[in-house]
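Asks: Residues per chain are reported as follows:
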Amino acid sequence: MAARECLCSAVTLQHLVTPPQGESLVKVQKEKQASGAVVLTLKGEFDTAVVPAFNEIIDGLLAAGDSRVVLNMLRVKFLNSTAIGSLIRAHKACGAAGGSLAVSQPSEAVREPIELIKLDAILSIHDGDNEALEAVG
Amino acid sequence: MKVLKQTLADAAVMTLDGEFDSFVTNAFAGEIEKIILAGTSNIVLNMKAVTFVNSTALGSMIKSRKACKKEHGDLLVTEPSDAVREAMESLGLDRLFALYETNDEALAVLRQGPGLEMEGNEESTVMISMPGNTGTIVGHIKKLDVDDMMCRVDKMNEGIVPGRAVKLKFRLKLYRKEFFELKARVETIEKSGPAHDLSLHFTDISDADRADIESFVKDMINLRKMSSGG
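Protein sequences appear in the order of chains A and B. Here the first sequence stands for residues 1 to 137, numbered as in my numbering. Here the second sequence stands for residues 1 to 230, numbered as in my numbering.
For reference, chain A alone in the conformation it holds in the complex:
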């Protein structure tokens, strides 16, 4: 219940990212919760071309002192091996900064490759934003 209240009082920031190629492969929406955690909602195809922009967003959050991050991946239609690598990188970086990163509502296109490479045990994966928010504290 506490997590839901946080969602209600959320401060919303729109933050859209377009990869260098010009096509908008992934859109990122950033939302800061009252609890201080940040929810990033990704939409689109998350592949090698998008990784530098994603890494920059994570580095930006960490530089601003935000190391508790939830990644909502419900609307991610494709996730490739380089993108999985950047998720692991983000997971490690948030942990090193004293926070943590949780993946929430992964689509099949996200869950399948992560399980295939057997990295589901390393990443913290949750069915809903509330559980993920609780996981990052």
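What the hints contain is simulated information worked out from the structure, not anything from laboratory work. Check each hint, because a few of them may be wrong.
[To be verified] Dumping the calculated DSS-like pairs for lysine-lysine here, alpha-carbon to alpha-carbon at most 27 Å:
{"hint": "1", "chain 1": "A", "residue 1": "K118", "chain 2": "A", "residue 2": "K43"}
{"hint": "2", "chain 1": "B", "residue 1": "K66", "chain 2": "A", "residue 2": "K92"}
{"hint": "3", "chain 1": "B", "residue 1": "K173", "chain 2": "A", "residue 2": "K118"}
{"hint": "4", "chain 1": "A", "residue 1": "K27", "chain 2": "B", "residue 2": "K177"}
{"hint": "5", "chain 1": "B", "residue 1": "K191", "chain 2": "B", "residue 2": "K225"}
{"hint": "6", "chain 1": "A", "residue 1": "K43", "chain 2": "B", "residue 2": "K177"}
{"hint": "7", "chain 1": "A", "residue 1": "K92", "chain 2": "B", "residue 2": "K48"}
{"hint": "8", "chain 1": "B", "residue 1": "K173", "chain 2": "A", "residue 2": "K43"}
{"hint": "9", "chain 1": "A", "residue 1": "K77", "chain 2": "B", "residue 2": "K218"}
{"hint": "10", "chain 1": "B", "residue 1": "K2", "chain 2": "B", "residue 2": "K69"}
{"hint": "11", "chain 1": "B", "residue 1": "K218", "chain 2": "B", "residue 2": "K143"}
{"hint": "12", "chain 1": "B", "residue 1": "K173", "chain 2": "A", "residue 2": "K27"}
{"hint": "13", "chain 1": "B", "residue 1": "K169", "chain 2": "A", "residue 2": "K77"}
{"hint": "14", "chain 1": "B", "residue 1": "K183", "chain 2": "B", "residue 2": "K69"}
{"hint": "15", "chain 1": "A", "residue 1": "K118", "chain 2": "B", "residue 2": "K225"}
{"hint": "16", "chain 1": "B", "residue 1": "K191", "chain 2": "B", "residue 2": "K155"}
{"hint": "17", "chain 1": "B", "residue 1": "K183", "chain 2": "B", "residue 2": "K225"}
{"hint": "18", "chain 1": "B", "residue 1": "K218", "chain 2": "B", "residue 2": "K173"}
Keeping the supplied structure of chain A fixed, place chain B upon it in accordance with the hints.
Replies: Using the frame of chain A, we list chain B on its own:
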């Protein structure tokens, strides 16, 4: 620039110290050549203490890497200093060279040998067709590298013989959705029980496809290391 060379049984570690510019590229290329002539084509290049690197030096690293690849080895860069990393990233070379954080990590990758073993669910189907022949046979990719693949075929076609030019079509669904379509030559055929293992050398592949295969192989080797707790 100072160059320190350490020769191991199956690899060589070169440690560079100082400014890597046009004045020292010849000496650098000469050292690489000596190592390869001595029979080692797996080279780790430690660049922790390199304070400057220019485009001529990077060009000579690309050439050295090609020379290693030609002998079925590789040249991996470890512990790049900020100066090295920035120079490589600005030219997109961080995608060409695998950058590793420690010498041990790079040595482990080199010792595993070239290419990526494709296992279990990651296995991809490859369609092999021959110009002037209507039959298409289907194989499973067992090992993949930037210039070669090994695939297992259950039902052989007698037209497939060493030296034969073939067309390949396959997908690496963990990397991209589009198919890879390229030309290759059959190098060797080995019987493996009722199946046959074909080793294929890519003869005509676009730069984009090659870069994607290289990136996929590098990703998978790194991800596997992480999933096994490394």
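Asks: Check each numbered hint from earlier against the structure, then list the numbers of those it violates in ascending order.
Replies: Of the numbered hints given earlier, those the structure breaks are 2, 5, 17, listed in rising order.
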